[in-house]
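Asks: Each chain is listed here by its residues.
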Amino acid sequence: MHVIESGNVAAATGVKLARVQVIAAYPITPQTPLTEKLSEFVESDELSAEYIPVESEHSAMAVCIASSTTGARSFTATSANGLLYMNEQLHWAAGARLPIVMCVANRGVGAPWTVWNDHQDTVSQRDLGWIQLYCSDHQQIHDTVLKAFKLAETVSIPVMVCYDGYLLSHTYMPFDVPEQAQVDAFLPPFKPTHFLNPEEPRNFNTVTLPDVRPDLHGNTAPGYMEIRKTLHSDLRAALTEIEKIDGEFGEAFGRGGDPFVEPYRCEDADYVAFCMGSLSYQLRDVVDAMREEGTKIGVIGLKVYRPFPDAAVRDALTAHKGVIVFEKALSYGNQGALYADVKSALYSAETRPFVHNYIVGLGGREIKTHHLYDALTESIKNEAAIGDEPQWVGLKL
Amino acid sequence: MRQDIIEIRWHGRGGQGAITAAKIVANAAFKSGYNGVVMAPTFGTERRGAPVYTSLKIAREKIYDLSPIATPDMVVVLDHTLLEEVDVTHGLKEGGQIILNTPKSIDSYDFGAHRLSVADVTAYALEAGLAPGIVNTGVIGAFAKATGLVSRELLREAIRHEFSAMKPEENARAAALTYDRTVIGGA
Amino acid sequence: MSKEEFCSMISVSEPGPGDGGNTGSWRVVRPVIDLEKCIPAKTGKPSCFNCWLYCPDAVVTKTLPPTIDYTYCKGCGICAEECPAGAITMVDEASFTKEEK
Ligand code: SF4
Ligand code: SF4
Numbered sequence: 001m002h003v004i005e006s007g008n009v010a011a012a013t014g015v016k017l018a019r020v021q022v023i024a025a026y027p028i029t030p031q032t033p034l035t036e037k038l039s040e041f042v043e044s045d046e047l048s049a050e051y052i053p054v055e056s057e058h059s060a061m062a063v064c065i066a067s068s069t070t071g072a073r074s075f076t077a078t079s080a081n082g083l084l085y086m087n088e089q090l091h092w093a094a095g096a097r098l099p100i101v102m103c104v105a106n107r108g109v110g111a112p113w114t115v116w117n118d119h120q121d122t123v124s125q126r127d128l129g130w131i132q133l134y135c136s137d138h139q140q141i142h143d144t145v146l147k148a149f150k151l152a153e154t155v156s157i158p159v160m161v162c163y164d165g166y167l168l169s170h171t172y173m174p175f176d177v178p179e180q181a182q183v184d185a186f187l188p189p190f191k192p193t194h195f196l197n198p199e200e201p202r203n204f205n206t207v208t209l210p211d212v213r214p215d216l217h218g219n220t221a222p223g224y225m226e227i228r229k230t231l232h233s234d235l236r237a238a239l240t241e242i243e244k245i246d247g248e249f250g251e252a253f254g255r256g257g258d259p260f261v262e263p264y265r266c267e268d269a270d271y272v273a274f275c276m277g278s279l280s281y282q283l284r285d286v287v288d289a290m291r292e293e294g295t296k297i298g299v300i301g302l303k304v305y306r307p308f309p310d311a312a313v314r315d316a317l318t319a320h321k322g323v324i325v326f327e328k329a330l331s332y333g334n335q336g337a338l339y340a341d342v343k344s345a346l347y348s349a350e351t352r353p354f355v356h357n358y359i360v361g362l363g364g365r366e367i368k369t370h371h372l373y374d375a376l377t378e379s380i381k382n383e384a385a386i387g388d389e390p391q392w393v394g395l396k397l
Numbered sequence: 001m002r003q004d005i006i007e008i009r010w011h012g013r014g015g016q017g018a019i020t021a022a023k024i025v026a027n028a029a030f031k032s033g034y035n036g037v038v039m040a041p042t043f044g045t046e047r048r049g050a051p052v053y054t055s056l057k058i059a060r061e062k063i064y065d066l067s068p069i070a071t072p073d074m075v076v077v078l079d080h081t082l083l084e085e086v087d088v089t090h091g092l093k094e095g096g097q098i099i100l101n102t103p104k105s106i107d108s109y110d111f112g113a114h115r116l117s118v119a120d121v122t123a124y125a126l127e128a129g130l131a132p133g134i135v136n137t138g139v140i141g142a143f144a145k146a147t148g149l150v151s152r153e154l155l156r157e158a159i160r161h162e163f164s165a166m167k168p169e170e171n172a173r174a175a176a177l178t179y180d181r182t183v184i185g186g187a
Numbered sequence: 001m002s003k004e005e006f007c008s009m010i011s012v013s014e015p016g017p018g019d020g021g022n023t024g025s026w027r028v029v030r031p032v033i034d035l036e037k038c039i040p041a042k043t044g045k046p047s048c049f050n051c052w053l054y055c056p057d058a059v060v061t062k063t064l065p066p067t068i069d070y071t072y073c074k075g076c077g078i079c080a081e082e083c084p085a086g087a088i089t090m091v092d093e094a095s096f097t098k099e100e101k
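Residue numbers (the numbering used here), protein chains in the order written: chain A, 1 to 397; chain B, 1 to 187; chain C, 1 to 101.
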């Protein structure tokens with residue numbers, strides 16, 4: 001059934017259909033309407049879950065860690081400084097291998113204070129050991145939430161579903177909401193591989209020593225480094241699962257099909273714009289306009305940022321003359337984080353396109369379509385001159 | 001860039017229900033075959049009573065650009081007192097439409113080349129049995145009549161759906177009364 | 001990969017003496033129970049056992065008299081702190097001969 005609702009409601013609807021069991025959240029703009037909606041669902045018995053109001057984001061994640069450890073499907077959501085306040089617990093959730101799902105309505109990070117959209121919050125959290133998925137519209141938000149639970153519970157790694165604050169969280173557009181029975185068939189109840197069970201007492205996440213050590217039975221128990229290496233290799237292996245789950249989702253709901261990168265008019269393109277989130281859709285209009293003028297250009301939206309699908313990115317980009325990476329975040333003092341990742345993925349390619357970096361829309365600075373047009377035109381024209389420095393779009397300096 | 005998108009800007013005051021009004025029209029438009037529907041409220045803080053606006057874009061094909069409307073084809077004004085505070089015609093295209101809730105007659109306004117339609121939505125809503133100041137359902141009756149973008153029937157359906165728990169009949173009647181009494185001016 | 005193959009590795013242990021590794025090697029002071037003062041030892045009745053209850057490494061037995069497994073006792077002194085009879089003294093490890101250790 002199609003409904004016209006906000007992106008936050010699209011997320012909440014997905015969470016409800018996923019039959020989540022524990023929700024713990026603290027309000028922060030622009031995420032708040034999502035968890036408000038969930039509390040309504042719980043209050044009206046449309047969703048049978050524990051809703052635990054907490055006094056901070058740090059506690060929200062701590063509650064999810066606890067509830068997930070008992071084997072309950074757990075969810076939270078946040079934005080910007082709230083996400084960063086969770087930081088220590090986020091590392092914990094990943095290392096403890098808890099399949100928590102969290103929505104992040106992307107917002108710039110203070111100081112200076114801003115409530116508007118960019119990607120600095122989640123991009124700065126790329127090294128947590130969480131999976132990070134990015135959405136371009138409301139349907140993707142809704143679908144990605146469903147896929148995220150399945151993915152998290154398959155690979156025992158927490159998943160962040162990221163979508164642009166305001167631009168997606170607060171805009172309204174139509175999206176399809178599947179039947180509960182369809183979702184139940186796709187997403188079976190959570191069966192944890194390990195959980196707190198009074199019948200079989202265990203200590204979880206006890207201190208590890210620099211080296212491996214014998215356990216109670218004299219067997220070798222892994223040390224910190226072994227456990228961390230496994231997290232990394234499982235994240236890499238999760239790429240295969242992402243693809244598989246995307247396929248299963250497609251069979252069940254008839255949507256999806258581009259698990260890692262979503263290309264638009266790229267087949268014969270000389271140049272490709274590359275970015276994450278709703279910007280990749282906005283760029284489609286620019287691509288259409290430039291195509292009409294004769295420029296062979298396309299755009300690719302990246303849907304999975306961690307684990308970084310470097311092979312898919314390389315395959316998608318290597319055949320073009322130039323790649324223009326637009327991002328709403330920066331690794332301050334260096335360059336765009338995504339830009340660096342793209343370049344590193346291309347390093348082993350036989351032919352390498354030029355790669356440029358454009359920083360856009362920080363703190364909600366409106367991204368005008370003609371700004372994008374100008375940036376792309378400039379990038380193509382001044383290929384050699386632009387170099388490695390990030391270029392700033394819409395800056396009033 | 002795209003020429004096929006109809007852009008409608010809704011001017012109201014915080015709490016007046018401009019978002020709901022736009023959402024109802026969005027639903028009705030979607031049902032009548034506009035697959036591209038995007039509604040974007042003012043991003044950021046909203047204060048009850050302060051002027052706010054909501055962007056609604058509709059097109060036959062999916063819409064990808066979520067940025068606010070700069071050059072609307074139509075503006076809907078939920079409250080004529082807003083005219084003193086906001087330039088509702090800002091960016092309005094040549095020959096663009098203005099739909100205005102006002103108790104005054106159409107002759108008391110001059111919007112140059114723009115086409116004005118007026119209705120005393122506040123009065124008709126009261127007459128329909130709504131509480132004083134509930135104008136958002138009435139004003140979309142005026143919108144439907146003036147623009148012809150959505151039919152009276154689809155609108156009725158969309159209103160009853162949106163207000164299923166809150167005076168659906170009265171809200172639908174407010175829209176119907178306004179629809180029938182909207183005065184449409186020339187350019 | 002199967003669900004079981006993922007997450008083959010976290011830090012998890014069964015509760016029991018030694019689940020934190022060879023913690024006996026950490027000890028610089030050793031808890032010694034004075035059986036003259038220990039309530040269950042003195043009365044011959046199973047009572048008190050605060051030391052058993054509070055020991056974070058589960059190395060004290062709930063027996064008559066209570067005993068301590070020095071392979072894993074880390075010497076934290078919680079038992080001595082919690083003993084209502086003042087029966088446990090923390091004694092410098094250096095004062096024990098090699099054999100006693
Ligand atoms: S706490 Fe003290 S008195 Fe109680 S059982 Fe232990 S040693 Fe004995
Ligand atoms: S000092 Fe006492 S409490 Fe601490 S580990 Fe040894 S027996 Fe247990």
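Calculated directly from the structure, the hints in this document are not laboratory data.
There could be a bad hint or two in this list.
[As the list claims (entries may be wrong)] Heads up, simulated DSSO-like pairs for lysine-lysine below, C-alpha to C-alpha not over 27 Å straight-line:
id, chain 1, residue 1, chain 2, residue 2
1, A, K396, A, K321
2, A, K229, C, K3
3, C, K42, C, K62
4, B, K62, A, K368
5, A, K396, A, K381
6, A, K381, A, K296
7, A, K191, A, K244
8, A, K296, B, K62
9, B, K167, A, K368
10, A, K244, C, K62
11, C, K3, A, K191
12, A, K396, A, K368
13, B, K31, B, K167
Asks: Determine for every hint whether it applies to the structure shown.
Replies: Structure-based check of all given hints:
1. A:K396 x A:K321: Distance of about 30 Å is beyond 27 Å: violated.
2. A:K229 x C:K3: Holds, at roughly 18 Å.
3. C:K42 x C:K62: holds, 14 Å
4. B:K62 x A:K368: holds, 19 Å
5. A:K396 x A:K381: holds, 22 Å
6. A:K381 x A:K296: Roughly 13 Å between the alpha carbons, so the hint for K381 (chain A) and K296 (chain A) holds.
7. A:K191 x A:K244: holds, 19 Å
8. A:K296 x B:K62: holds, 22 Å
9. B:K167 x A:K368: violated, 41 Å
10. A:K244 x C:K62: The given pair, whose Cα atoms are some 53 Å apart, is violated under the 27 Å limit.
11. C:K3 x A:K191: Judged against 27 Å, a Cα distance of about 10 Å means the pair holds.
12. A:K396 x A:K368: holds, 14 Å
13. B:K31 x B:K167: holds, 22 Å
Hint violations for this structure: numbers 1, 9 and 10, all remaining hints satisfied.
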